[in-house]
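Novice: Mapping of the sequence shown onto this note's numbering: residues 1 to 287, in sequence order.
Read the hints as simulated data drawn from the structure, not as lab findings. Just so you know, not all the hints are guaranteed correct.
Claimed, not checked - For each label pair, taking beta carbons as the anchor points, the in silico distance ranges come out as:
#, residue 1, residue 2, range
1, Thr218, Ser88, 34 to 44 Å
2, Phe89, Met276, 33 to 43 Å
3, Gly176, Ala33, 18 to 28 Å
4, Tyr36, Glu235, 25 to 35 Å
5, Ser61, Asp214, 12 to 22 Å
6, Ile56, Trp261, 17 to 27 Å
7, Arg26, Gly159, 29 to 39 Å
8, Thr218, Leu280, 17 to 27 Å
Quick reminder that beta carbons are idealized off the backbone N, C-alpha and C, glycines included.
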Amino acid sequence: MNTMQPNIVTPEALRVSELRASFRKRDAQTVLASKYHTAPIKIAKTFPLGGPLGVIVMDVSPGLLAGDRYELQWQIEEDAHVCLTNQSFTKVHPAPDERSGSSMKQVFELGAGAVAEWMPEPTMLYRDAAFVNETEVWLAPGAVWMGADVYCPGRTLRGERFAYREFRNKLNVYYGNELIYAQHQRILPASQQLAAPGCMADMTHAGVFYAFSDRIGTPEAEAVREALGGFPIREGQPLIWGVTLTHKHGLAVMAAGNAAWALQEALAAAWSALRMRLLLQPLTFRK
Numbered sequence: 001m002n003t004m005q006p007n008i009v010t011p012e013a014l015r016v017s018e019l020r021a022s023f024r025k026r027d028a029q030t031v032l033a034s035k036y037h038t039a040p041i042k043i044a045k046t047f048p049l050g051g052p053l054g055v056i057v058m059d060v061s062p063g064l065l066a067g068d069r070y071e072l073q074w075q076i077e078e079d080a081h082v083c084l085t086n087q088s089f090t091k092v093h094p095a096p097d098e099r100s101g102s103s104m105k106q107v108f109e110l111g112a113g114a115v116a117e118w119m120p121e122p123t124m125l126y127r128d129a130a131f132v133n134e135t136e137v138w139l140a141p142g143a144v145w146m147g148a149d150v151y152c153p154g155r156t157l158r159g160e161r162f163a164y165r166e167f168r169n170k171l172n173v174y175y176g177n178e179l180i181y182a183q184h185q186r187i188l189p190a191s192q193q194l195a196a197p198g199c200m201a202d203m204t205h206a207g208v209f210y211a212f213s214d215r216i217g218t219p220e221a222e223a224v225r226e227a228l229g230g231f232p233i234r235e236g237q238p239l240i241w242g243v244t245l246t247h248k249h250g251l252a253v254m255a256a257g258n259a260a261w262a263l264q265e266a267l268a269a270a271w272s273a274l275r276m277r278l279l280l281q282p283l284t285f286r287k
């Protein structure tokens with residue numbers, strides 16, 4: 001698996017930071033088997049969750065600056081279960097010119113029966129930011145991968161709304177060696193009508209929740225729809241959402257609203273419902 005270089009960052013400008021970790025099941029508990037990192041990212045803490053292992057990723061820098069590239073690789077061995085998150089918002093700082101930017105790529109490799117849950121804090125795209133976010137998931141039979149992301153249009157209290165230059169979001173999922181899902185989103189606020197009906201309309205924040213496993217089918221999608229259908233709408237916080245099965249072994253939730261916390265709550269409801277269906281475990285991993 002080769003690391004792809006985003007077009008908006010010139011190779012000579014890259015500052016690559018790496019984080020690699022592997023996990024295995026020992027008796028009834030998942031443990032950290034090995035790790036390697038280069039500044040400014042590292043594993044800040046791991047803690048047992050009654051079988052699964054909780055993992056918190058720390059970024060000791062102010063955020064992703066122009067020319068930064070983060071590369072994270074997670075190997076979850078057979079029957080191991082990890083719940084991954086980070087300490088705070090992923091902050092993407094301005095890029096000074098049209099050929100600069102920042103990027104992050106994550107690769108998840110799951111053995112048979114392994115489970116990986118990636119639930120980070122939201123991503124904040126500052127004015128003039130240019131960012132590529134790439135995720136690859138490799139699934140063995142019986143494995144489960146779940147991930148959620150919330151994207152903020154900028155520092156709205158400072159008047160930033162879709163003032164960033166470019167955002168690309170890519171997700172490729174493989175079952176064995178078969179590509180079963182591919183998504184590539186590109187947002188260019190200066191040239192796209194994001195406020196148009198059918199796009200963001202009057203919403204500002206976007207959220208996604210994906211789950212992939214050969215154990216996912218119509219009953220799992222219906223359980224997620226039921227959970228979101230019963231989710232209480234906060235006063236002054238409109239929320240729109242949709243749930244669909246993917247072509248093979250997966251489901252996707254797309255949501256939009258006007259606050260990151262409201263989307264986080266809604267996606268947590270979807271996550272919890274699916275967790276009970278697939279893992280028979282309630283949602284306990286919340287910061």
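Novice: Compare the structure with the hints numbered earlier in the document and write down the numbers of the violated ones, lowest to highest.
Specialist: Result: hints 2, 4, 5 and 7 break, sorted rising.
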